[in-house]
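Residues per chain are reported as follows:
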Amino acid sequence: MSDRAAHRAIDAVWRIESAKLIARLATMVRDVGLAEDLAQDALLIALERWPETGIPDNPGAWLMTTAKRRAIDLLRRNKLRDRKYEEYGRASPLYTEDDVEKESGEIGDELLRLIFATCHPSLSQEARVALTLRLLGGLTTDEIAHAYLVPEPTVAQRIVRAKKTLGAARVKLDVPEGAELEERISSVLEVVYLMYNEGYSATAGGSWIRAPLCQEALRLGRMLAEVAPREPEVHGLVALMEIQSSRFKTRIGLSGEPILLMDQNRALWDHLLIRRGLAALERARSLGRPLGPYALQAAIAACHAQAPTPGDTDWARIAALYEALSRAAPSPVVELNRAVAIAMAFGSAIGLQIVDRLADEPALKGYYLLPSVRGDLLAKLGRMEEARAAFERAASMTQNLPEQALMRRRAAECAERRGEDTNGVPGARV
Amino acid sequence: MRFMMIVKGTTDSEAGVMPSEELVAAMQRYNEELAKAGVLVAADGLHPTSGGIRISYPEPGGKPKITDGPFTEAKEIIAGFTMIEVKSKEEAVEWALRMPDPHGYGQGQIELRQIFDMTDLTQDPEMLAKEQALRERLEGPRRT
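Line order of the protein sequences matches chains A and B. Position 104 (the first sequence) corresponds to 104 in full-length UniProt numbering; numbering is contiguous. Position 43 (the second sequence) corresponds to 43 in full-length UniProt numbering; numbering is contiguous.
Calculated from the structure, these hints are not laboratory results. All C-beta atoms in this analysis are idealised placements derived from N, C-alpha and C, irrespective of residue type, glycine included. Possibly wrong hints are sitting among the right ones.
Label pairs and their computed distance ranges (CB to CB) [claimed, not checked]:
1) B:Ser88 <-> A:Arg408: 13 to 23 Å
2) B:Gly62 <-> A:Arg275: 16 to 26 Å
3) B:His47 <-> A:His7: 40 to 50 Å
4) B:Val17 <-> A:Ala324: 49 to 59 Å
5) A:Ile350 <-> B:Val24: 56 to 66 Å
6) B:Leu46 <-> A:Glu416: 33 to 43 Å
7) B:Ala42 <-> A:Glu257: 28 to 38 Å
8) A:Asp263 <-> B:Ala42: 23 to 33 Å
9) B:Met1 <-> A:Arg161: 39 to 49 Å
10) A:Asp263 <-> B:Gly106: 47 to 57 Å
27 Å max Cα-Cα, derived DSSO-like pairs, lysine-lysine [said to hold, decoys possible]:
11) A:Lys172 <-> B:Lys8
12) A:Lys249 <-> B:Lys89
13) B:Lys36 <-> B:Lys8
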């Protein structure tokens, strides 16, 4: 095996094994940062040896054994870590590969504990994301920096600080119960969804989609659904991400311009992902608790996914789901979406009334979709000049270049149609 | 990127012999591992080809020829598949190596194939252009 091939193969093993490895080590040494160091040390040893010896039959067990031996060495040398050494001693330090093999399989709780640690409330949102991608996704700081378009040292620093914060706060590595569990889960889901959204609709720059982040978020979500299967919102979030991902292919045009939901070619939606999304939503429902915000959003996405043509969309049902969502998680953005659904189900004029009520909403002050939706409804009502102004306003409010271009194009369309007498006639476009 | 791990047919799978309990359990553990790693997309087994139908086009532009199973050439037959979503080909290989020997009687064979799919969202403009061209070709007849 060439060195290069060996390194690529070791990368693959690392990607598969690192989360489990760090999770288990963290449970033993009660320190997430130390656990990662130990796992990394083991990886370095593997990088030296495997190109010669070949990859062992059970690489996970090999790495685990090596990491544990390193831990013993390190702790023996470092008397300052007596406390940890003691705890570690209790966890029986003499491991063989056989022991590790016997252990493997039942890793759910340890992974969940690690996820809870990386998404701990004592960390900033940015730190949670970086640490989760690093420790659970097995991404390098360089890859994370790339995904977030920030300099690598920034990410490295965030991670170092995050690990210090966790250490200083003596974060307990445990799975909480009852109300605390739900709170912690929702903090984890927030991080995963943040990651997904960052990839799904890049906030700035020329690229509309940053795929690796979406894929990593989806993978983490699927992982979470396995280790915390009794939490309906976990399945709700997975359902939402699966269904949104099913439209990837159809969301951008040739030159990177966005294609809106109603204009997308539904034949090109990924029906495997839609099925997975519907199944996840069903799992959320089957747990018998009221649907939370993620599951409700997934249910809305499912309505679109199940309509064979845009004309088949069940807008009344979507409006009802937004109604439920605005009760479960009230926000001006949800209200804006509810206005769109109501406009589609019951007429643009009623929708416009709701939108206009949102005009002074401080939270939507810089939100380009507000004038965009308004422009859309005005255009449908034949009020072209007002619609044009709204689209222009929307274009001036977004930093995302493809979005800007789309808004300008729609403004130009309205300008062209200004002379038409379309008053009261619904427009053809959605 | 998505890969399909194709489990090839064997004389047993074609004869409808069910796998041993141990193998079923091992496969189940394997699938659980895939699911827990968040990489499992789909997995299914297929009935023997005795219930299968083959449609072929022996003449260019001609009518389809329908043949009922069973089909010979067990090695060319698919007995089941597992679809995974991973970051690299090496990762797919590593997972495939961890699948238990699918038959256990010396005939087990797994074939790993990457799925042609643009959901991996390339941002390479050339690839996007190709995808668009393909899309237009696919949509062409439907518009008329």
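Range agreement (Cβ of Val24 of chain B with Cβ of Ile350 of chain A, hint 56 to 66 Å) | At 57 Å between Cβs, range holds.
Go ahead and decide if the range 33 to 43 Å is satisfied by the Cβ distance of Leu46 of chain B to Glu416 of chain A. Roughly 55 Å apart at Cβ, these two residues miss the hinted range, so it is violated.
With 49 to 59 Å as the target window, see if Val17 of chain B and Ala324 of chain A comply at their CB atoms. Hint holds: Cβ distance 51 Å, inside 49 to 59 Å.
Proposed proximity, Lys8 of chain B with Lys172 of chain A (alpha carbon, max 27 Å)
violated (48 Å)
Original post:
Does the hinted range 28 to 38 Å hold for Ala42 of chain B and Glu257 of chain A at CB?
Top reply: holds (32 Å)
Between Lys249 of chain A and Lys89 of chain B, is the straight-line Cα distance small enough, at 27 Å or below? Status holds; Cα separation ~21 Å.
Has the hinted range 40 to 50 Å been met by the Cβ atoms of His47 of chain B and His7 of chain A? holds (42 Å)
Taking the beta carbons of Asp263 of chain A and Gly106 of chain B, is their distance inside 47 to 57 Å?
Hint holds: Cβ distance 55 Å, inside 47 to 57 Å.
39 to 49 Å was suggested as the range; check whether the CB atoms of Met1 of chain B and Arg161 of chain A agree with it. For Met1 of chain B and Arg161 of chain A the Cβ distance comes to about 33 Å; the hint is violated.
Margin query: Check whether the Cα positions of Lys36 of chain B and Lys8 of chain B lie no farther apart than 27 Å.
Written below: Since the Cα atoms of Lys36 of chain B and Lys8 of chain B sit roughly 25 Å apart, the hinted pair holds (cutoff 27 Å).
* If you check the beta carbons of Ser88 of chain B and Arg408 of chain A, does the distance land in 13 to 23 Å? -> Since the Cβ atoms of Ser88 of chain B and Arg408 of chain A sit about 40 Å apart, the hinted range of 13 to 23 Å is violated.
Within 16 to 26 Å: is that where the Cβ-Cβ distance between Gly62 of chain B and Arg275 of chain A falls? This hint is violated: roughly 35 Å between Cβ atoms.
Checked against the numbered hints given earlier, the structure breaks hints 1, 2, 6, 9 and 11 and satisfies all the rest.
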